[in-house]
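Kindly produce the complete structure, drawing on both the sequences and the hints.
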Amino acid sequence: MVSALDRAWIPRGVVRAPLTRFGLWVGLWLGVFAVGAYAMYLCLADGLFHTNMDNRYVFGLWIFLDLTVIALGAGAFFTGFLLYVLRKKELKAVINSAVVLGLICYSGAMVILAVDVGQPLRAWFTYWYPNAHSMLAEVTFCITCYLLVLCIEYVPILLKNRRLRGIGGYLVFEHELHKLMVVFALIGTLLSFFHQGSLGGLFGVLRGRPFAFREGFAIWPSTFFLFILSAIAAGPSFIALTTWLVEKISRRRLISAEAYDTLARISGKMLMLYVLMKSLDTLFWLNQTAPARGFPAHRFYEFGNFGGWTLFIEIVILGLLPGLALIHAPLRAKRPVLLAAALAACAGVTLNRFVLTIQTMALPTLPFDRLMSYWPSWQEFAAFGAVVAYGVLVYSFSFRYLTLFPQERELTRAELMQRSQEA
Amino acid sequence: MTRRATPGKAARYGMIIDLDRCNGCGACMIACAVENNVPPPDAKATPRTGLNWVRVFRVETATRPAFVPVMCMQCGDETPCVSVCPQNAVDVDPSTGVVGQIPERCLGCRYCMAACPYQARVFNWRDPQWPAGMEQALNPNVSARQRGTVEKCNFCHGRWHAAVEAAANEGKTGSVSYTPACVEACPAQAIEFGDLNDAAFAAKARAAGAFRLLEPLGTGPKVYYRTGRAEVRGAVSGLIEEAKNGQRS
Amino acid sequence: MFPWVYGFSWTPGHVIFVGVFLTVAAAVAVTVFLAVFRSVQDFRRGKARQIAWQSHFHDLPASDRACRHALTGELKGRVCDNGFDCRQCSVHARLTAIETAPPAGRLYHRGHTWVRPAGDGTLLVGLDEIATKLLGSVGQAAAPPAGTVLEANAPAFTVRKKGAEFRILSPVDGVIVESHDGSQGWFARVKPAENYSDVHLLRGHEATAWFQREVDRLQMAACQVNGMPALADGGVLEGDLSEVLPPGVWESLSAEMLLDS
Amino acid sequence: MKIARFLSYFSGLAISLAAGWTVLPQALYKEVPQPASFSHAAHTGEKGGMQCTDCHAFRTDGSFAGVPKLETCAGCHAEPVGETASEKRFVEEFVKKEREPQWQIYSRQPDNAWFPHSVHVTRGKLACEGCHGSHGKSAALPAYRVNRITGYSQTVMAGMRMDDCVACHRQRGLSHSCLDCHK
Amino acid sequence: MIRRELIKFAGGAATGLAFTPLPWRLLGDSAIWTQNWSWMPRTPRGEVGEKEANCTLCPAGCAVKVRTCGGTPIGVWPRGEAMCPAGFAGHTLPWHPLRLRQCLNRGRVSSLEEALEASRAAAEGGLAVLDMLPGRTASLLHRVHLSGIANARYIPAPQAEGGTARAMARLAAGSVQLSAELGRAKTVLSVSTPLLDGWAAPRRTAANRGFTLWQAESWRSRTMDLADSRLLIRPGSETALLLGLARQLLQTAGVERRARLLQGFDQLQAAIAHAAPAAAAERTGLSEDRIAALADALLRGQPSLVIADGDPLGGPLPEDARLAAAAVNVLLGAEAFSTRREPPVPKPWRCIECTRLEQVDNHSIGLLIIDEPAPGLALPWAAIAPKLKPEGALVVALTWNRASYARRADWLVPVPVYLESAADAPPPPDTGSWRIAVSPAVLNPPEGAIAAADFVARLAGAEPDSAARLEERQKLAGEEELEAAPAPAFTRILPAGTDGAQLAAAAAANLEGPPVAAHGWRQASVSPLLGKLWQEWDLRPAPGAVTSHPETLRGLGWHADSGARLESEAGQMQVLLEADPTAPSGIIALSAGPAYAQICEAAPNGAWRLKNPKVVRS
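Protein chains in written order, with the numbering used here: chain A, 1 to 423; chain B, 424 to 672; chain C, 673 to 933; chain D, 934 to 1116; chain E, 1117 to 1734.
Treat each hint with caution, since some may be false.
[What the hints assert, rightly or not] Here are the computed lysine-lysine pairs in the BS3-like style, where the Cα-Cα straight-line distance is at most 30 angstroms:
id, chain 1, residue 1, chain 2, residue 2
1, C, 719, A, 89
2, E, 1181, B, 595
3, D, 1070, D, 1021
4, D, 963, D, 1002
5, D, 1116, B, 467
6, D, 1116, B, 595
7, A, 89, C, 834
8, D, 980, D, 1029
9, A, 179, E, 1124
10, E, 1730, B, 467
Derived from the structure by calculation, the hints contain no laboratory data.
Shown next as structure tokens:
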């Protein structure tokens, strides 16, 4: 009976894994989710001493991974912007997957923030008594709004499901909503522009942390714009990577090579722009901003494990090289090169977030204080594991029962035609 | 975001700490903990997760080590923690200049702790516990903070309240003078407390040999340090020109 | 957040910040409300089914949406983006303007149904050969009773067989006057609505070219499952396919052909 | 047929509105009995002839003593003075057994709020009725209702919350910065 | 269809809910709930008053004022003079987690009467009262009540503080109590004594000490940090340093001339015969001219003073070191010593004599009563155990906590602590001027608690009136402080019967011990709040912390920041191994908490010694 129900919900014309294998996959990730949920319960009920954070490392694994996940989740708004506003038709193949990825990244980040905050029951204070000067207040407002927009963008994909389609006016509402999608794409872009930027601004405004402090334009430090650029650069790569991953796991061809190429090309161009701006900003910071505050450059890089190499890897190895590979068409055409460059771009953004959260905390500000190191506790890993498991589960169910990749039927048929010619 | 101050009554309290007198006994840390109902350490507390509103650093110098008490500097200009708190739990009090940390509104995001250059803020990582019965011996002028909130030195604001109450009892208005716990506790009278708006105290604060920690960051700290020993000034203030003659290990 | 809340202060930064937030929230709310309002409008104006087909149509793979004129070779590789509803299609109007032969004999609808005007002003509607091949005679499939209102491109009736169900699209607008078990090929006599036009139905050489392509499609879809008796010479399969094919294959095959994915 | 379709929707709406506006305010508060009954009117009337400050006095250090302790009551009530049953019970239960009555304080502020009576009454010359209402003239103690979640009494939740204090300060142009009242 | 109706009904209810106060009140009230959690303590309410008192937790007896709220002490603040960190948390002692509140007989709750009966029965076999904090009025009362009991002895626990002064008393003419008057000294040499850190020194800080301090120690102590000149010596080489110093002093004519006239000069000659400058330098690890510079500074900076008491928790210095220090003081003229003036004792009180612990012969005590009134007092159990009768001996501990001697005692009787009953502090070791520092009773003690003096009084069948007697003595002594009397002339350099050669041999013998410098901070155990300094911050070494140079740790195969067990024949204690690059290499600094004394042996020369210590990784 269950397999019949399952078959009834799976869209026609596509082949999905048999229910047993899918059940196994869901069971595995439910296990990871359960362990993480227990860790979250510990932190909420007992207290945050279950983590290894302390009065120096006030931000730990969770905030670092939050920033990374939201940066990579920028693929949603950027793909939407490119498709609906700049009319890049070939991205129609990945827009549904991008929206689902965005929803997962942002909702996961919000859940982790609720656990990371000492008093989650008072979280609404930020809305009720907002501090207009605080970057964190701006981030909170924008992320909640954008999460709402993402949910609204997810609704049409949901209503397209084969069974839901039959009910009343769902399809009509989906149709009307689809016509207004341009408005949501624009609002999404505006919101994402601000909260990606404010996440960068979080550290750029820290007058007390010369390692992170940057001057900038009006009230926005330069890290505001750098975070937006890096998010836009990493977003499409992340979507390309995830699509390839889903193709590998489901063993089906999901998008055309042309879609891959567009994603890579745009990501490459943005990455080059980001590397340029990042280099300029770093030079200005090392020679002008920090020394003026009594912190010559060597005071940041004289400590053993956080030497100058982090800067070199972030800008050159994980920034310049993938950028060049992605903007160079023949190189980009080779799939392994494309995937490696995309992975490098995402790793570059992750390292940038790591440097701004963990290294800023590690470096002492008082001359007589010392460098401190930090390693997350199992509760921190497990809690984030739960969010990843939640993401995988949502994606798996969406991939199985909703049409995330419209081109899949086309490609499957083309494949069959080809196979029948050979036979 | 400061409300209108009572006219003509504003004080800007500040401290001068004489590093040559401080001998690192820690009386100020214990007196501060008693005065402000800071719970005793629990089994798993460490120097990095402990609750201390004032911390005495031991700073190695070429000659004798110097002992430097570091507490919240009640920064006056561009207060780093006030501008970053997302829900205004931190606010410079107009009538005293003290940076108020209100645990009832703090939601424990700890962003102010990241912003503070002096790491003078500490976080309640777990529920505060006192030995059974010790609640009767807590200071009535200060309320205990819940788990998950940030706390910091507020120049013993409980004592400012008591002073205001006593002044009101005699019908007096205007800024009051009082002595914080660490000033009263110091065996060497190394800490001086006063109103930076009053010229004499301000002159003493800016006298020769006085300096402030991380002054070039421009946050306007209101705790001044004084020492006659150049190597201590070099090691403690970290200013580039002093650092040359003070050996820094 | 609001002026009556304790922390509100009329500083420019605060007002701008809260203002932007409220406008964005309002914009989102208005857009969603607009979508809901329009949907209700469509319902009221009864365009629901039409829209349902439109949005459904957009999901079909490009190869299933070949334009009728691409079938006949007049337009190379053009994909229909109007849900096969050539009545509003400017391209079709342009092409048929050239050829004005009166409709003679059967007119075919892409959903594998045909229409034939029966002298007395009514129209006979029936399943074409491929549909009957797939579903067997309409008889067992309980044709729609007299009096039901038909709408072009909307589901006329649903065929339930072997646990699968397919909806058959109606080729014309009108009211069924008399239904029939289909043994003579037609299952309903329809009194056409006043604005009835059979412009969107295929005729003559279009029909033959379309029929030939449908057979190719049927054959190609059928060979998806190996071990199926593939026809070497491309001849039409015999007998009622629902008996011959295994149910899973038959069901996806029929869905393929009846455009009900 | 049109209204019928929304009947269930509107019935759900009506029920939840009714519940929210009537049932909730009652369910949120629970009543806690006072240890003994007490009539201000009886004490301050012509028969009792006492002044407020006889019981609610300021201490020498200017802090406000609040509700009197047992020995203040025992001063007159070593033996039952009047003839009411509740007074007899009070004398047996508390005075004879020297058991301090745990009065529920209507205007008890939370631990984190600092309300100095010396600033408001001694210097500010505010009348008690301003905040406490006509409690001083009541013939019997009103029911003490406490909010189940916050633990504040209904008197505080109704009229002595932060917004009320701030409104008063704003009227008088006084500072109401956070540290003025939080401790 | 019903399903659709249900969904519609739920939708209506939900939208309706949004327009009722329910969700918004819940949101607001739950936030307020997080501000008033029931398990958070409510601060006390009541009148805030102040009461003048003195801190009786240690011999310093600082003048304090106790701030009370509704009668309960909420803080202790200095009144005029200074206070040590522990003084500020003294008012929380009544609620110390280890506080003893009922009589226990080997873990079983029993009553005071039962304890008294058991004690009376065991008293026939010889009663002894071991007073852990001698010099208080309560100590006097012990001696008064013991006079009524047959073969009873009063044993004051040997204190590190004042050891040099006691050694000097044996060199002075006539039996008298002496005191090192730091107030009058201009130059002070402190040998392994925490002069600026807990040695009754809260008043004395680096800034206002008024004398130049030379600190000779074998680990980097807080006093070493604050001293003017530092002499890092090998552990156990104190006597060698002092004998070398004596030899250096005798080079100068004036000193030698005056010394010749004193008795015992030849014994001193014999002792310093082996303390040639090279030998002294080699033994102590200092250079010869450093010792010469020290001697020169002491001579020029008269009046100068040498103190070699040792550490209250780390253990007193051996007898030979104190004798050598006394000798050096005599050579320097010892103007800084004064006769201690004791507060007068009311005439009718007849007290028995004090018996030193060494004078008590073994297996002679049937009933041992240990009086432990305050935290941080320590004496190795190995020194007491042999004195008890092998069978039928009863140990009654009149103690404030369930930890220290409670493990060894058959009976535990709770005593009132600081601020629970009127008590006074013993005389301060650093000045001869006399005063009575009394702490009044602010709180009432837990019922079942009895003052130690009253317990002994009831044992002797006398009136348990220790509070009244304290008042009587206090009234008798009046308020003003009498200045210290000048020290009597010194007739000897070394006491009769001290064999010079034996002193020199002892100097060499002390060096064999393990390179461990045991030191302790007595105030640490007054309250858990003191953990702020060593657990929640690293201003002081934690009790049980073994700190040494990283190379030394690596050399011994231990790795830093790991737990271990320090074992000796007398017992074991938990330690934490820590590496400190600024610590002197080759030396292990052991921060002795109260547990250290329990694992030590009491060597014949009075020092505490670890018998073949081993460190086992735990």
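Practice prompt. Identify every previously stated hint that the structure contradicts and give their numbers, smallest first.
Written response: Hint 7 is the one this structure does not satisfy, whereas the remaining hints hold.
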